[in-house]
Amino acid sequence: MKRRHLLASAALGLGLAFSGAANAQMDKVKACFVYVGPVGDGGWTYQHDVGRQDVEAAFGDRVETAFQENVPEGADAERVLTQMALSGCNIIFTTSFGYMDPTNAVAAKFPNVMFEHATGYKRDHPNVSTYNARFYEGRAVQGTIAGRMTKTNKIGYIASFPIPEVVMGINSYYLHAKKVNPDVELTVVWAYTWFDPAKEADAAKAMIEQGVDVIAAHTDSTAPLAEAAKSNGAVIGFGQASDMSEYAPSPRVSSIIDNWGPYYVKRVGQLLDGTYESGDAWEGISGGEVLIGDITDAVPAEVKAEAEAMRDAIAAGSYHPFTGPINKQDGSAWLAEGQTAPDGDLLGMGFYVEGITGEIPK
Amino acid sequence: MLRLEKRPTPSQFWQYGTPIVAVLLTMIVGGILFAMLGKDPIAVIRTIFWDPIFGEFAFYLRGQLLVKAGPLILIAIGLALGFRAGIWNIGAEGQYIMGAVIGASVGLAVYPTETRLIYPVMVIAGALGGWLWAMIPAILKTRFNTNEILVSLMLVYVAETILAKAATGFLRNPDGAGFPGSRNFSSYKAASNPELIAGSGLHWGGVAALVTAILVYILLQRHILGFQIKLAGQAPRAARFHGVNPTRLVVFCMGVSGALAGLAGLFEVTGPAGQISIDFNSGYGFTAIIVAFLGRLNPIGIVFAGLLMALTYVGGEMAATNLGLPSAAIQVFQGMLLFFLLGVDVLSNYRIRMFMGAK
Numbered sequence: 020m021k022r023r024h025l026l027a028s029a030a031l032g033l034g035l036a037f038s039g040a041a042n043a044q045m046d047k048v049k050a051c052f053v054y055v056g057p058v059g060d061g062g063w064t065y066q067h068d069v070g071r072q073d074v075e076a077a078f079g080d081r082v083e084t085a086f087q088e089n090v091p092e093g094a095d096a097e098r099v100l101t102q103m104a105l106s107g108c109n110i111i112f113t114t115s116f117g118y119m120d121p122t123n124a125v126a127a128k129f130p131n132v133m134f135e136h137a138t139g140y141k142r143d144h145p146n147v148s149t150y151n152a153r154f155y156e157g158r159a160v161q162g163t164i165a166g167r168m169t170k171t172n173k174i175g176y177i178a179s180f181p182i183p184e185v186v187m188g189i190n191s192y193y194l195h196a197k198k199v200n201p202d203v204e205l206t207v208v209w210a211y212t213w214f215d216p217a218k219e220a221d222a223a224k225a226m227i228e229q230g231v232d233v234i235a236a237h238t239d240s241t242a243p244l245a246e247a248a249k250s251n252g253a254v255i256g257f258g259q260a261s262d263m264s265e266y267a268p269s270p271r272v273s274s275i276i277d278n279w280g281p282y283y284v285k286r287v288g289q290l291l292d293g294t295y296e297s298g299d300a301w302e303g304i305s306g307g308e309v310l311i312g313d314i315t316d317a318v319p320a321e322v323k324a325e326a327e328a329m330r331d332a333i334a335a336g337s338y339h340p341f342t343g344p345i346n347k348q349d350g351s352a353w354l355a356e357g358q359t360a361p362d363g364d365l366l367g368m369g370f371y372v373e374g375i376t377g378e379i380p381k
Numbered sequence: 112m113l114r115l116e117k118r119p120t121p122s123q124f125w126q127y128g129t130p131i132v133a134v135l136l137t138m139i140v141g142g143i144l145f146a147m148l149g150k151d152p153i154a155v156i157r158t159i160f161w162d163p164i165f166g167e168f169a170f171y172l173r174g175q176l177l178v179k180a181g182p183l184i185l186i187a188i189g190l191a192l193g194f195r196a197g198i199w200n201i202g203a204e205g206q207y208i209m210g211a212v213i214g215a216s217v218g219l220a221v222y223p224t225e226t227r228l229i230y231p232v233m234v235i236a237g238a239l240g241g242w243l244w245a246m247i248p249a250i251l252k253t254r255f256n257t258n259e260i261l262v263s264l265m266l267v268y269v270a271e272t273i274l275a276k277a278a279t280g281f282l283r284n285p286d287g288a289g290f291p292g293s294r295n296f297s298s299y300k301a302a303s304n305p306e307l308i309a310g311s312g313l314h315w316g317g318v319a320a321l322v323t324a325i326l327v328y329i330l331l332q333r334h335i336l337g338f339q340i341k342l343a344g345q346a347p348r349a350a351r352f353h354g355v356n357p358t359r360l361v362v363f364c365m366g367v368s369g370a371l372a373g374l375a376g377l378f379e380v381t382g383p384a385g386q387i388s389i390d391f392n393s394g395y396g397f398t399a400i401i402v403a404f405l406g407r408l409n410p411i412g413i414v415f416a417g418l419l420m421a422l423t424y425v426g427g428e429m430a431a432t433n434l435g436l437p438s439a440a441i442q443v444f445q446g447m448l449l450f451f452l453l454g455v456d457v458l459s460n461y462r463i464r465m466f467m468g469a470k
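Chain order of the listed sequences is A and B. Counting from 20, one number per residue, gives the positions in the first sequence under my numbering. Counting from 112, one number per residue, gives the positions in the second sequence under my numbering.
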């Protein structure tokens, strides 16, 4: 019940679009999906499967989909991918970071099958593409709400693993909380898991005991929200990966929703009409891959308006969540006034921004 | 009325007959389950049991059976030794992880040295890693009389945490831009465990599993230690009179099963898996418990049981992808196998008698 979602690495040629091998039109496409969890997990895998259903709805008879859930990363993934390629899949989406090496290994053997790997950075073969979403954009919106809503000036973040994507989210969350509330302090707890309700609940409990009253999570279960719900409204949190609306209007005051449908529909459509090319995609709020779940009435109207303005500015491209001046934790300069973070810096992010206490585990 | 009547001695026929009956019952009840899910039961059963061996893609899948069965057999044989003596090592999953982590650490420490000595040293380190991890419950049991089931099981979660730490910390690929996961052994020749014959699926782990099966078979049949193990399980009191030292037996059985699980982990990480990643372990240590019982705790039986279990995995994946079966249904199907085996087992010790009339 663990999953990995990491970001593509700049070091390995971000934005370099390889020209894919498929360019003839196709009458029918078989699209296959490999999931790391069960489709009923209510989070990461569930959202990918919603995307798969979007593909079916969009193309009807012209597409056939198949999927395999609960596929362990490593040797099992390689076998599942090989079986899929052998059984006639034209395009295979591998939806967890740990499938990176198996995806590339199998892609080498099946040059006519297109492979799409979520959250990885290796594209060793012309038929491998990578894709991910700019979740840090959603963290900016959450940070804004957190900074405004905290009464104790202590906000928390349940982090999964010390990898760039998670660090990026923490930084974005903190920067935007601090922007609206200079006194805010951030507590980060490393859970070392993507999905472990017991551990996540413990982390939330520990933070609540320290006086934290807004908790964001980079882990997938609803346990932190369930823990917050015991506080009779004193502690709030956010839905992660899926909307988690069963905890609305409070403690869940908003959410980040992974929305893979638009990308899946686009890629399968391109394969059908012969315009498909391999490459690397990193879309965010503007591309519809990151959705901000409904901000509930537990949040005052002016805070809601401010958060929505943030969301809309990011969507319109007029605001980048990492806009200078921003210093690193050690005080050294990172971004100058008005400068926005290059994607490469984000994808390899291994430092906290100034103001966050504590260290990233090494 | 039906009545169970204890047999004077366990039935030889049912001893070997029960696994077959259990498999047949699993097929029938599993078929009913698949039918209730709206799938053609015949097609599903055929996809699971027939297609991987004789179907269209058998050329690839046959090899995969060996890949999947290798670690299961290796671990199950070790577990069976302990189970026979009444020593319950439930934490093979943790020993498997520690074997992989320690073996991989040794290999990666000398990267990129290319010499033939590296791999044998890694194999020893892997076995040692699993052995050490199994020694914790063994020593706690012999010194403080703790329950080895609980301790070994709990240590699985400790091992998983160490694994996460290794993948994100001390074994992380320095050229991997900060991403979790070690270097891939497939690109480090001296430390890798490739297929011995391309396409066969057979790597050193498979070879080790077969050799171990034979050695343990001999141990159990011909060696005094094998006799002591069997005696300790069947008649602990008699064993003590016979001069069996229970402490030594616990240390031996836990140690062997730990070392074999560690070996399986090492062969897996350097071979099919290729790298240490956050969730490198995929349940072999737990599945091996089923395999051990399915194989009647007999090394040769375990080889067949391991292959059968591998078949349900590989075929189950085919059924999931091609026929849209939920993966939980496959897991239920595999669980039924153990359930029916244990259930039907009653026949080897009891016979069923029809009982007519009043009491």
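For the record, the hints were derived by calculation from the structure and aren't laboratory data. Careful: at least some of the hints might be erroneous.
Claimed, not checked - Straight line, CA to CA, 25 Å or less: simulated DSS-like cross-link-like pairs of lysine-lysine: (1) LYS224/A / LYS173/A; (2) LYS276/B / LYS141/A; (3) LYS150/B / LYS49/A; (4) LYS170/A / LYS128/A; (5) LYS173/A / LYS141/A; (6) LYS300/B / LYS381/A; (7) LYS128/A / LYS276/B; (8) LYS150/B / LYS218/A; (9) LYS323/A / LYS347/A.
From a predicted model like this one, the values you see are computed outputs, not experimental measurements.
Hint by hint, here is what the structure shows:
Taking the CA atoms of LYS224/A and LYS173/A, the gap is near 14 Å; set against the 25 Å cutoff, the hint holds. With a CA separation close to 23 Å, the supplied pair LYS276/B and LYS141/A stays within the 25 Å bound. Simply put, LYS150/B and LYS49/A have alpha-carbon atoms about 21 Å apart, close enough for the 25 Å limit, and the pair holds. A hinted pair counts as satisfied when its Cα atoms are at most 25 Å apart, and LYS170/A with LYS128/A does not qualify at roughly 57 Å.
For the suggested pair LYS173/A and LYS141/A, the alpha carbons sit about 39 Å apart, so the restraint of at most 25 Å is broken. This hinted pair does not check out: LYS300/B and LYS381/A have alpha carbons roughly 28 Å apart, beyond 25 Å. Distance restraint check for LYS128/A and LYS276/B: the Cα-Cα separation of roughly 33 Å exceeds the 25 Å cut-off, and the hinted pair is therefore not satisfied. Taking the CA atoms of LYS150/B and LYS218/A, the gap is about 38 Å. The hint is violated against a cut of 25 Å.
With a CA separation close to 29 Å, the supplied pair LYS323/A and LYS347/A exceeds the 25 Å bound.
The structure is inconsistent with the numbered hints 4, 5, 6, 7, 8 and 9, although it conforms to all the rest.
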